[in-house]
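In case you want the letters, here they are:
Number of protein chains: 2
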Amino acid sequence: MSENGFAPRGDKKEIEEGGLFAPKFDADGLMPAMAIDATTREPLMLAYMNAESLRLTLEKGEAVYWSRSRKEIWHKGATSGHVQKVREIRTDCDQDAIVLFVDQLGEGACHTGRSGCFYRKIEGPEGRLGFTEEGLRFDPGSVYGKS
Amino acid sequence: MSENGFAPRGDKKEIEEGGLFAPKFDADGLMPAMAIDATTREPLMLAYMNAESLRLTLEKGEAVYWSRSRKEIWHKGATSGHVQKVREIRTDCDQDAIVLFVDQLGEGACHTGRSGCFYRKIEGPEGRLGFTEEGLRFDPGSVYGKS
Numbered sequence: 001m002s003e004n005g006f007a008p009r010g011d012k013k014e015i016e017e018g019g020l021f022a023p024k025f026d027a028d029g030l031m032p033a034m035a036i037d038a039t040t041r042e043p044l045m046l047a048y049m050n051a052e053s054l055r056l057t058l059e060k061g062e063a064v065y066w067s068r069s070r071k072e073i074w075h076k077g078a079t080s081g082h083v084q085k086v087r088e089i090r091t092d093c094d095q096d097a098i099v100l101f102v103d104q105l106g107e108g109a110c111h112t113g114r115s116g117c118f119y120r121k122i123e124g125p126e127g128r129l130g131f132t133e134e135g136l137r138f139d140p141g142s143v144y145g146k147s
Numbered sequence: 001m002s003e004n005g006f007a008p009r010g011d012k013k014e015i016e017e018g019g020l021f022a023p024k025f026d027a028d029g030l031m032p033a034m035a036i037d038a039t040t041r042e043p044l045m046l047a048y049m050n051a052e053s054l055r056l057t058l059e060k061g062e063a064v065y066w067s068r069s070r071k072e073i074w075h076k077g078a079t080s081g082h083v084q085k086v087r088e089i090r091t092d093c094d095q096d097a098i099v100l101f102v103d104q105l106g107e108g109a110c111h112t113g114r115s116g117c118f119y120r121k122i123e124g125p126e127g128r129l130g131f132t133e134e135g136l137r138f139d140p141g142s143v144y145g146k147s
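Which chain is which? The protein sequence lines are X and W, in order.
Using our numbering, the first residue of the first sequence is number 1, and each one after it goes up by one.
Using our numbering, the first residue of the second sequence is number 1, and each one after it goes up by one.
FYI, nobody ran anything at the bench for these hints, they're computed from the structure.
For identical chains, the list gives no copy identity; a pair is met inside one copy or between any two copies.
The list that follows gives simulated cross-link-like pairs (lysine-lysine, BS3-like), each with its CA atoms no further than 27 Å apart:
#1 Lys121 with Lys24
#2 Lys12 with Lys71
#3 Lys71 with Lys24
#4 Lys121 with Lys12
#5 Lys85 with Lys60
#6 Lys24 with Lys13
Pulled out of the complex, with its shape left as it was, chain X reads as follows (with noise of 0.2 Å):
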């Protein structure tokens, strides 16, 4: 067992090709996490964990992340009811990123009232965005409070 909980981090076979969870965290102790929803597949969020909140992620059952503006465990949908109900977590040939496949329960992942984070499309090398949904699914400030 490692510090930080997981299996230690083997050699490159071990890792690509191996059975044990050696997750790899970034110099600031965090990985990227993308939750996909798993019915629609459609891209929800991207967002950080660090080893507690992977930790608490796997014997939950439902994503918790690292916010790194509030510096704190952030279980997503404690406070909006938006939880994040995982059917499948994956991790991918050099263990340092996560594939979360969700069942997202309220009426969405964003805290801007959509479903999803991925709301636009980048259109044109100039960069102009699309949005892909039109009007908002919920009303963030009665959810989420005054921002």
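Could you slot chain W onto chain X? The hints should help.
Using the frame of chain X, we list chain W on its own:
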């Protein structure tokens, strides 16, 4: 225009609700980019882009990343032929992450010989890894050379 060639960052409202792409890079000048197969909706890989690789991605319509290990621009597939044709590119509410919906050319995205890098699910709180695809799609040695 800001120094990185994209629109300058506005206030929170402009960033979240505006129509101008004003990407935010981290302290290392990077941003995570998640590539998803546009047809199967399988997550393919999570890599990083700097401003130049993001500009090149928008110009070429093919995924161009920044290789953190080689510290160079990485036009995915330039040597392997496993190019990612971008069908749609999105950003999130904070404009600090990218999702690419791509047509993956060749046999797969992952240097291990698999269709994508997220070929293992994490099972149980103790973190055993289970494989989501059996065998390899291609011989990594013949595509990428000995590693």
